[in-house]
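Asks: Starting from the known structure of chain A, fit chain B with the ligands onto it as the hints suggest.
Here is how the chains run, residue by residue.
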Amino acid sequence: MQLFPCPFCGPRDETEFHYGGEAGNVRPDGTDVPIDRWANYLYMRGNPKGTTREIWVHMNCSEFFVMERDTVTHKVLSSTALSGEHAA
Amino acid sequence: MTRRYSALSLFREGLAGQTGWKQAWRSPEPKPSYDAIVIGGGGHGLATAYYLAKNHGIARVAVLEKGWIGGGNTGRNTTVVRSNYYYPESVELYGLAHRLYEGLSKDLNYNVMLSQRGMVNLCHSSAEMEVGARTVNAMQINGIDAELFSPDDVRRVAPIYNFAPDARFPVFGGIWQGRAGTARHDAVAWGYARAASRLGVDIIQNCEITDFIVEGGRCRGVQTTRGMIRADRIGMAVAGHSSVLAAKAGFRLPINSYALQACVSEPVKPILDTVVLSPGTGVYVSQSDKGEIVIGGGLDRIPSYAQRGNLPTLETVIAGLLEMFPIFGQLKLMRQWAGIVDVVPDSSPIIGESPLPGLFLNCGWGTGGFKAIPAGGTLLAQLLATGKHNDISRPFDLDRFATGRLIDEAAGSGIAH
Ligand SMILES: Cc1cc2nc3c(=O)[nH]c(=O)nc-3n(C[C@H](O)[C@H](O)[C@H](O)COP(=O)(O)OP(=O)(O)OC[C@H]3O[C@@H](n4cnc5c(N)ncnc54)[C@H](O)[C@@H]3O)c2cc1C
Ligand SMILES: [Zn+2]
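In the order they appear, the protein sequences are chains A and B.
Residue 1 is where the first sequence starts when you use the UniProt record's numbering, and the numbers rise one by one after that.
Residue 1 is where the second sequence starts when you use the UniProt record's numbering, and the numbers rise one by one after that.
One or more hints might be untrue.
Unchecked claim - Ranges between beta-carbon positions, derived for each pair:
| # | chain 1 | residue 1 | chain 2 | residue 2 | range |
| --- | --- | --- | --- | --- | --- |
| 1 | B | W21 | A | P11 | 50 to 58 Å |
| 2 | A | S62 | B | S150 | 40 to 48 Å |
| 3 | A | G24 | B | H56 | 40 to 48 Å |
| 4 | B | R394 | A | V72 | 32 to 40 Å |
Worth flagging that the hints you see were computed from the coordinates, not collected in a lab.
Just so it is clear, CB atoms sit at the ideal spot from N, CA and C, and this is done for glycine as well.
Pulled out of the complex, with its shape left as it was, chain B reads as follows:
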């Protein structure tokens, strides 16, 4: 049985030379059938399994992951957590996630290292300032914390920004969310895995779904590289690979897969204690707890499943970064990588039943689903448990592409995509 983490357990292990720690989650053999199956061991899949057990008492659940848990986008993102969205539907969704994040370390008994260091979206012209004021108003009306920053406010939180008179991207102000920040991405996956496993969920890695079992027009299970596994309710949270699985289930999705890159510098002393995003340069940046400068930017230009990213986009990102922070010109880059993200025309996720009854979707988070993990998990769990939408997930159903009720968050979601 997994052990509860506490100051006392840390102290004891210190005395015992750290030799008594147990596996954080069990690795059982797959059973022939479950009450529910979740495909994809990223943050959304693991959270779904956890909330199925915790909120709905359904613990005969398997999470099936083709590689290792958190090896997809959940372990590849730039860890920004925020809820500075524009439309009420998005505010409900990301607001729920943000509130759950604030209690997550305690709920999971696992430190996800949420650090609410604040985030500023810069405005580089008076026109952008007007849009900024509109966004701040919308956020405040929707009950989300937001402040309109003056250039001096920006200077206070990010003094190393390029405020020179000849700067190519001068600062006119910004949109500030003080509760925004970062969380340790691996810890979110591992924390949910450990908590779900404690509640009886089977987490099965190296288990790829290769096909669906369809009987009487309903999804009744999956074929995997570790045999056939049956369940009458199946949820799928496979991010950039949603179209691949949808094709096996016989339908198409409004998704294009693209690579999204990030990179980190060598670690340096604390120099930037907030998250800064510039729509002008298309770059956002923060400093990790280890001291690395974590750099993210826009999508790659070419539909792709190649999990590596391409050079022109990286060059654009680095050029933009140096416009913002010339001081970073001395840094060495340590690592660059990419994840495959599922981009939807209105930049909002898809949550709901798929065209194949019994198979439910959680996908389309594109470049921004890390911050949404607790909400995505809660909502997919409710769909699997009850077959019905929560009021928060209803607007995100796949049917919006036929009814035309799109939730176009392209601007609110921050980075161009």
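Just chain A, same shape as in the assembly:
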């Protein structure tokens, strides 16, 4: 059992959290978005082996946040409240 840090509630059981996708995957804006851009947004992923930035939700408090994690060691590197910065 691993503990994940919710920026609002502190360390909690991993089963309380839900994965919400890679951070920085921004929905395309406007009416003439090329098909490839849509496909990229909807489906294509970096899926890195190693450090990754991800959106998670803590289901108990319903807050979304950004967690930096290593996908090989499962070590959590940081956990920050979601703000406009994830769009970068």
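Replies: Showing chain B with the ligands alone in chain A's frame:
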């Protein structure tokens, strides 16, 4: 030269104290160039090399494997072979694989221990029964053997299931495929390796691809931990590591890597002679020829490249198993392990040319590609040999994510993912 296996060769070796067996496949040094390179020595990669030589007469082929052959998911799965899918495209694909599996031991001169003991997907409510009937109809229309089971039919094939009146997952019936079953997973890898090696294919282990050679916008070879190797046609079948290699080749894939776990109990006398899957508990189970109870379940919850799996998912699987078969509560678990699987949004594989010309993909099999190995190999071999799709592989091209023609087999593929 490898020797043909036969009753006579077994008998002779028995008399000679089993001292005359030769290596099943050669382990040559890598050559500087080949007609085709296959990255990944799992079932799909080895089958691709075999069919390149057998079906297309292209034998100057190397299979490059970073570890040992069959050390990836092919040696880590729960060995279920079936073709109970819903959409016609999937039926063509898995149907081809299933038919090839039925002749595989003979074709390879290697016993892959295909055991067609049948498989039942349980229905736990009248609503699930209606979906079950729809699936059986679809399978029958598509020419796949299927039967709608009553509770009594289920009781006949799996009498030790929990049929108690207060059972949490009561049985309303099930979807039965009689030709489904299991095969020995290592034997599939070893059988293809031996047969490919006999036809001249070089199988090179401990050889990791670290980069691609790109010239004139085309893939012309690979950098490996054992030097540079060139070829104008390169196929890649690296399962959970597809995104890692795609990044080196300069593109992204619609894939998330997750751990998928399995476990086996201590061996016991024969008690379960079919494969049982319950969508309610998210667990499927069969008994191996050695007597172990082989237990599989859903994906881990967290994107991961850690080949070990996590505890909460294992607990869910075991809890589900004991709802289905309370009698298993006395068993000891012997081993637990995980493989890294490549999960695609529509739960269907990706077969086709990659955005880097000359580099072809066979990936995205997720939790269910063992059963597909003969078809995945046949189709990638054809792509490498001719540069063109077979009608069966066409719908599985990467372009479906831009055109929107997804083949959403999430339900048909059985286990939640
Ligand atoms: C626990 C579990 C249970 C499963 N149960 C079933 C089941 O019952 N039925 C079913 O049909 N399917 C099942 N599957 C899925 C099935 O095992 C896989 O879909 C299938 O084995 C994929 O085969 P492959 O040849 O593509 O991949 P693999 O067998 O994983 O082979 C890929 C190979 O590529 C190598 N590789 C990776 N990167 C590199 C590199 N850079 N250079 C060189 N080599 C590299 C790896 O070392 C590996 O050996 C299960 C999977 C798991 C993990
Ligand atoms: Zn919280």
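Asks: Looking back at the hints listed earlier, which ones does the structure fail to meet?
Replies: none
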